[in-house]
Structures are given as structure tokens and as C-alpha cells.
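Chains as they are written, first to last, in our numbering: chain U, 1 to 308; chain Y, 1 to 308.
Hints are supplied without guarantee of correctness; some may be wrong.
Said to hold, decoys possible - Pairwise CB distance ranges (calculated):
id	chain 1	residue 1	chain 2	residue 2	range
1	U	Gly-110	Y	Ile-256	54 to 60 Å
2	Y	Lys-227	U	Arg-37	53 to 59 Å
3	Y	Ser-49	U	Lys-227	45 to 51 Å
4	U	Glu-196	Y	Lys-25	39 to 45 Å
5	Y	Gly-83	U	Ser-130	52 to 58 Å
6	Y	Ala-278	U	Ser-229	35 to 41 Å
7	U	Ile-14	Y	Ala-215	31 to 37 Å
8	Y	Ser-229	U	Asp-199	42 to 48 Å
9	Y	Arg-277	U	Ile-44	56 to 62 Å
10	U	Arg-77	Y	Lys-301	37 to 43 Å
11	U	Asn-197	Y	Lys-227	35 to 41 Å
Note that these hints are calculated values from the structure, not bench results.
Cβ coordinates follow ideal geometry from the N, Cα and C atoms, glycine included.
There are 2 protein chains.
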Amino acid sequence: MPPIQIALVGVGKIVRDQHLPAIAKNGDYRLIAAASRHGTVDGIDNFKSIEAMLEAVPAIDAVSLCMPPQYRYEAARTALEAGKHVFLEKPPGATLSEVADLEALAASKGLSLFASWHSRYAPAVEAARSFLAATTIRDVKIVWKEDVRQWHPNQEWIWAAGGLGIFDPGINALSIVTHILPRPVFITAATLEFPENRDAPIAATIAFTDADKLAVSAEFDWRQTGKQSWDIIAQTSAGEMVLSEGGAKLSIDGKIVHEEPEQEYPMLYKRFAEIIRAKTSDVDLAPLRHVADAFMLGRRKFVEAFHD
Amino acid sequence: MPPIQIALVGVGKIVRDQHLPAIAKNGDYRLIAAASRHGTVDGIDNFKSIEAMLEAVPAIDAVSLCMPPQYRYEAARTALEAGKHVFLEKPPGATLSEVADLEALAASKGLSLFASWHSRYAPAVEAARSFLAATTIRDVKIVWKEDVRQWHPNQEWIWAAGGLGIFDPGINALSIVTHILPRPVFITAATLEFPENRDAPIAATIAFTDADKLAVSAEFDWRQTGKQSWDIIAQTSAGEMVLSEGGAKLSIDGKIVHEEPEQEYPMLYKRFAEIIRAKTSDVDLAPLRHVADAFMLGRRKFVEAFHD
Numbered sequence: 001m002p003p004i005q006i007a008l009v010g011v012g013k014i015v016r017d018q019h020l021p022a023i024a025k026n027g028d029y030r031l032i033a034a035a036s037r038h039g040t041v042d043g044i045d046n047f048k049s050i051e052a053m054l055e056a057v058p059a060i061d062a063v064s065l066c067m068p069p070q071y072r073y074e075a076a077r078t079a080l081e082a083g084k085h086v087f088l089e090k091p092p093g094a095t096l097s098e099v100a101d102l103e104a105l106a107a108s109k110g111l112s113l114f115a116s117w118h119s120r121y122a123p124a125v126e127a128a129r130s131f132l133a134a135t136t137i138r139d140v141k142i143v144w145k146e147d148v149r150q151w152h153p154n155q156e157w158i159w160a161a162g163g164l165g166i167f168d169p170g171i172n173a174l175s176i177v178t179h180i181l182p183r184p185v186f187i188t189a190a191t192l193e194f195p196e197n198r199d200a201p202i203a204a205t206i207a208f209t210d211a212d213k214l215a216v217s218a219e220f221d222w223r224q225t226g227k228q229s230w231d232i233i234a235q236t237s238a239g240e241m242v243l244s245e246g247g248a249k250l251s252i253d254g255k256i257v258h259e260e261p262e263q264e265y266p267m268l269y270k271r272f273a274e275i276i277r278a279k280t281s282d283v284d285l286a287p288l289r290h291v292a293d294a295f296m297l298g299r300r301k302f303v304e305a306f307h308d
Numbered sequence: 001m002p003p004i005q006i007a008l009v010g011v012g013k014i015v016r017d018q019h020l021p022a023i024a025k026n027g028d029y030r031l032i033a034a035a036s037r038h039g040t041v042d043g044i045d046n047f048k049s050i051e052a053m054l055e056a057v058p059a060i061d062a063v064s065l066c067m068p069p070q071y072r073y074e075a076a077r078t079a080l081e082a083g084k085h086v087f088l089e090k091p092p093g094a095t096l097s098e099v100a101d102l103e104a105l106a107a108s109k110g111l112s113l114f115a116s117w118h119s120r121y122a123p124a125v126e127a128a129r130s131f132l133a134a135t136t137i138r139d140v141k142i143v144w145k146e147d148v149r150q151w152h153p154n155q156e157w158i159w160a161a162g163g164l165g166i167f168d169p170g171i172n173a174l175s176i177v178t179h180i181l182p183r184p185v186f187i188t189a190a191t192l193e194f195p196e197n198r199d200a201p202i203a204a205t206i207a208f209t210d211a212d213k214l215a216v217s218a219e220f221d222w223r224q225t226g227k228q229s230w231d232i233i234a235q236t237s238a239g240e241m242v243l244s245e246g247g248a249k250l251s252i253d254g255k256i257v258h259e260e261p262e263q264e265y266p267m268l269y270k271r272f273a274e275i276i277r278a279k280t281s282d283v284d285l286a287p288l289r290h291v292a293d294a295f296m297l298g299r300r301k302f303v304e305a306f307h308d
């Protein structure tokens with residue numbers, strides 16, 4: 001099978017750290033172009049805009065869109081209209097409605113659209129899912145606490161309206177939880193803490209339940225210094241399950257049962273090639289829908305101003 | 001065909017004003033029971049809870065759920081589990097995710113779920129839709145301004161988190177707009193004004209667009225005294241279209257072309273009977289999805305405290 005000729009749009013930190021190495025070691029792809037206002041990729045043709053790139057390089061089969069979510073719709077639409085398959089970094093868009101529109105467009109054109117959730121491909125996620133499927137779950141706690149100054153230094157877009165604030169990392173937790181739990185959950189209450197000088201929340205507490213009244217709680221906080229936590233803890237009939245380090249490590253009753261080096265982006269590109277070959281799409285909006293639900297249902301609380 | 005034996009849950013103002021008269025004059029239905037913590041309906045069996053009612057009256061085929069949205073999921077799930085068709089007042093739930101869950105449950109049980117949007121059945125809405133389908137639209141303005149003290153006096157739930165505030169009437173506008181425009185729209189920017197003593201917004205301004213870059217703006221305001229406005233105004237290649245009075249009246253270039261007495265709830269019950277006979281559901285979440293998108297993407301602004 002000939003390789004998928006792929007192009008990158010929005011060349012920033014995540015592209016250099018993750019997308020380029022993942023594409024380089026996957027024989028299903030050949031990277032042939034990139035478009036970015038500021039960044040470039042060595043050894044291939046670079047353009048200032050996706051329009052210029054698609055015009056100049058008709059051989060492109062697929063594009064990966066890695067710019068901030070507020071700009072993703074336009075680029076995705078342009079690519080789909082030009083007949084290209086589209087990989088969307090997370091979150092897939094600034095609104096649910098625009099992604100629904102892209103999904104319909106991809107379907108009408110017979111193209112593949114991939115709303116990627118990299119944390120779902122963390123090494124221990126499938127093992128956690130299998131473990132939970134075979135137990136009775138009593139309750140679930142999600143603790144996602146990190147230091148925004150360390151992970152997102154001076155990223156102004158993340159604090160703007162639509163930048164999602166603490167939900168930018170929190171949506172990773174939601175992408176895992178919506179995959180490993182046996183039934184769909186929904187939010188019953190939430191509190192969002194906004195720094196008085198910012199348009200996006202710095203912390204949130206959320207209560208979920210499901211059709212069987214399972215209690216699921218989440219604490220998201222960007223003010224965590226010292227030890228960082230990306231943990232999902234379930235009390236079950238088969239013991240306490242701790243899925244930690246963002247899905248990398250699984251312990252049952254304190255004993256490590258699964259720990260492997262992470263391969264999230266290689267797995268994402270494997271999945272994207274699969275759906276292109278199978279002529280399908282993979283667009284699960286549940287994680288973003290929970291974020292929207294939290295903003296709609298949640299109580300707003302104002303806290304101390306945040307300065308980088 | 002035997003009539004659909006129907007029951008009402010949550011007997012308040014909207015039930016007395018709209019549901020009871022609409023059911024009474026529709027031969028497709030026989031109203032046989034009601035459940036409500038406070039209200040009762042004369043001439044039928046009344047219960048304090050939906051559980052007690054379903055237990056005592058197995059002949060019920062369908063239920064209409066008219067309590068505040070925060071309590072609707074539980075009742076809907078109970079009814080579907082008991083094998084009953086379900087009519088949901090607007091908005092269909094407190095979150096998108098819970099309604100998605102109900103939709104899946106109804107489908108798995110072969111039951112009809114109806115997420116009703118009464119304003120879509122306002123008399124001139126279909127005429128507006130037909131008019132717009134035959135023109136080129138230049139821009140659209142939605143102006144939904146009413147006096148909350150007149151329409152929602154002392155309704156505390158509407159100001160609570162999850163009560164939606166100004167989006168409770170605003171979602172009526174969104175239910176019309178999503179029906180009459182030729183392509184799906186999505187929000188690009190929004191500002192939500194919260195009274196400093198309330199958890200729900202009193203006003204909002206929203207900018208939408210669509211795949212063809214149509215400019216659609218909305219102004220929602222609950223502080224309007226004097227003349228009330230529920231208008232959708234479109235500049236088109238065939239003149240200025242004004243859909244006013246919440247969808248009741250249509251004018252083109254100032255000339256009234258459609259004005260009839262409203263029949264919104266009779267039409268809703270007609271539609272519900274249709275989907276029950278056809279064994280389908282009718283759940284369009286687009287209006288609620290836009291509200292969630294506005295909360296997620298919108299900038300929050302704080303304004304003067306509001307007291308009833």
C-alpha cells in the first residue's frame with residue numbers, strides 16, 4: 001500500500017515533541033509539507049498558510065491540525081473541501097457545534113476525520129478498562145492537579161475565553177474516564193474557580209453520576225506546586241484501582257500491575273492510518289461535551305488573580 | 001387506533017396554561033393520571049411521585065415531563081425503564097450528556113423520546129424557513145429582549161446554576177434559528193453578563209457563523225422594560241425578513257405575509273403522537289448545544305445585582 005502523504009499545520013512545541021517523531025517512525029506515512037505562521041520543519045516544503053500549501057502540493061492526502069482550537073475549524077474545513085483526511089489535535093474545536101459540522105462534511109465527502117484524544121492511548125488505559133469491566137465499582141475519584149507555571153508558561157491563549165483553562169489538561173482525564181467506565185456518565189454539579197483577572201478557570205470540582213447512580217468526582221487544579229497528580233482512583237469489589245501518571249501506570253491494592261513507556265502519539269498515528277484505510281471517521285465528542293456541560297451547569301466562583 | 005394513554009409529571013403553570021388544553025382537544029390522547037409534589041389535575045388520579053403513579057397505573061403509555069430541567073433525567077429514565085414513551089419540555093435536560101444517555105436508552109427499548117421545542121411550532125416559522133431557502137441571506141440579527149420580572153417573577157430555580165438564566169427564553173430563539181437557516185451555525189464569540197448576586201446570566205451577546213461565513217448575531221436581555229422583543233431579522237436578496245413575536249408573525253419589507261393565532265402546544269402533541277405511531281424519536285440537541293457552547297466559549301462579565 002502506498003504511504004499516506006501527510007502535512008502538518010501549526011508547527012509549535014507539540015509538533016516538535018510528539019507529531020514529528022511519531023510520523024517519522026511510522027511507515028504508513030510520508031511527511032511532505034508543513035504550514036505555519038512562525039514555525040518550519042527541516043527537509044520538507046514549508047508554507048505560511050494551509051491554503052498556500054494545499055495549492056502548491058496537490059499530492060497531500062491528509063493533514064494534522066495542531067494550532068490552538070480557536071483556529072481549527074477554518075483549517076479543517078479548508079482541508080476537507082480540498083479532499084484531504086483530517087487529524088485534529090485535542091480539543092477538536094472551540095465549540096461542539098463546529099465539530100459536528102466538520103463531522104457531517106467529512107461524511108458527505110467520504111473522508112476520514114479523527115478527533116484525537118492522546119491520553120486514551122496512554123499505556124495502562126486499556127488494562128484499567130478491562131479491570132473495571134470485570135468488577136463492581138463503588139466510586140471513582142479523578143485528581144488532576146498540576147502547576148500551570150511549569151506546564152503552560154506564558155501561554156496567553158489558554159487563559160482567553162475559549163481556551164478552556166484548567167479543562168485543557170482536565171479534558172485528558174475526561175477522555176480516559178469516558179473510555180474506561182462501563183456506562184456513560186453525566187455531570188450533576190460543578191464549581192469553576194476563575195482568577196479575577198482571567199477569562200478561563202484555574203480550578204474545578206465536578207460531580208458526575210451514571211444510569212446506575214455511580215458516584216464519580218473530579219478535582220482539577222492548576223495551582224499545584226510540588227508533587228503533580230494525574231490519577232484516577234476507583235474503589236471496586238476487586239480492590240482499589242489506581243490509574244496514575246496520566247494513564248501510564250496501573251496499580252491494584254498498591255501493587256503495580258501495568259507500567260510501560262508511553263507511546264501515545266505513535267498509537268494516535270496508527271489509529272489515523274487505520275481509519276483512513278477503513279474509510280471511516282473517529283469522532284467521539286464526549287470529553288468536550290462534558291466540558292461544555294460543566295461550563296453550562298457549573299457555579300462560578302472568583303479567586304485570587306493569577307500572574308505568570 | 002386506540003388513544004395514547006398519557007400522564008403528566010410536574011403540574012405547574014405551563015401544564016395548566018398549555019399542556020392540559022392541548023391534550024384535551026387532541027383525540028389521539030386520553031389523560032389518565034398526573035404526578036406532582038404540589039399540583040393536581042381535576043378529574044384524574046393524582047400521585048405525589050412518578051414512581052407511585054407508574055406502579056398504580058400500568059395502563060399509562062406515555063408521560064410528559066414538565067418539572068424544572070434539573071430533575072428531568074431521573075424521571076425520564078424511570079419512565080423509559082418502565083416502557084413508557086417520553087415527552088420532554090424544553091430544555092430537555094440540565095446537560096447534553098444526560099439527554100444523550102436518555103436517547104440511547106429510548107432507542108435500546110424501542111420507545112419514543114421527544115425533546116420538544118415549542119417555538120419551532122410558532123405559526124410563521126415554516127413560512128420563514130421557506131422564504132429563506134429561496135433567497136441569499138446577507139446577515140441575521142436575533143433580538144430577544146424581555147422583562148424577567150414580568151415573565152419569571154420570583155422563579156429562583158431559573159437563576160440557580162443550571163437554570164440557564166436569559167438562555168431559558170433565548171433557547172426558544174435558538175430553536176427557531178437552527179430550524180430556519182439553510183446551514184448549521186456555530187458560535188465564534190459570546191459575552192455573558194452575570195448579575196453579581198446570581199449564578200445565571202441576565203444578558204448575552206453572541207456571534208455565530210456557518211460554513212459560508214454568514215454573520216448571525218444575537219442579543220438576549222432580561223432587563224427590557226416597555227416594548228418586549230422576540231424578533232429574528234434577516235437581510236436577504238429578496239428583501240428584509242422580520243420574524244417577530246416569537247415566530248408568530250412574518251413580514252417582508254414591512255408587509256405582513258403571515259399572521260395566525262399560535263398553536264404551539266397542540267402542534268407539539270400532534271408531533272408526539274406521530275413519532276409514537278411511527279416508532280421513532282425526535283431529539284435535536286442543537287439549541288441546547290449552542291447554549292453549552294456559549295457558556296464554554298463566552299467571556300463572563302459582571303453587572304449590577306438583580307433583585308426581584
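To see whether the hints hold, each was checked on the structure:
1. Gly-110/U <-> Ile-256/Y: 54 to 60 Å: Violated, at about 46 Å.
2. Lys-227/Y <-> Arg-37/U: 53 to 59 Å: At 48 Å between Cβs, range violated.
3. Ser-49/Y <-> Lys-227/U: 45 to 51 Å: Distance hint for Ser-49/Y, Lys-227/U holds at roughly 47 Å.
4. Glu-196/U <-> Lys-25/Y: 39 to 45 Å: Violated, since Glu-196/U and Lys-25/Y (Cβ atoms, about 55 Å apart) do not stay within the stated range.
5. Gly-83/Y <-> Ser-130/U: 52 to 58 Å: For Ser-130/U against Gly-83/Y, whose Cβ atoms are near 33 Å apart, the range 52 to 58 Å is violated.
6. Ala-278/Y <-> Ser-229/U: 35 to 41 Å: At roughly 51 Å between Cβ atoms, Ser-229/U and Ala-278/Y fall outside 35 to 41 Å, so the hint is violated.
7. Ile-14/U <-> Ala-215/Y: 31 to 37 Å: holds (32 Å)
8. Ser-229/Y <-> Asp-199/U: 42 to 48 Å: With Cβ atoms ~29 Å apart, the hint is violated.
9. Arg-277/Y <-> Ile-44/U: 56 to 62 Å: Distance hint for Arg-277/Y, Ile-44/U holds at roughly 60 Å.
10. Arg-77/U <-> Lys-301/Y: 37 to 43 Å: At 30 Å between Cβs, range violated.
11. Asn-197/U <-> Lys-227/Y: 35 to 41 Å: holds (38 Å)
Checked against the numbered hints given earlier, this structure breaks hints 1, 2, 4, 5, 6, 8 and 10; the rest are met.
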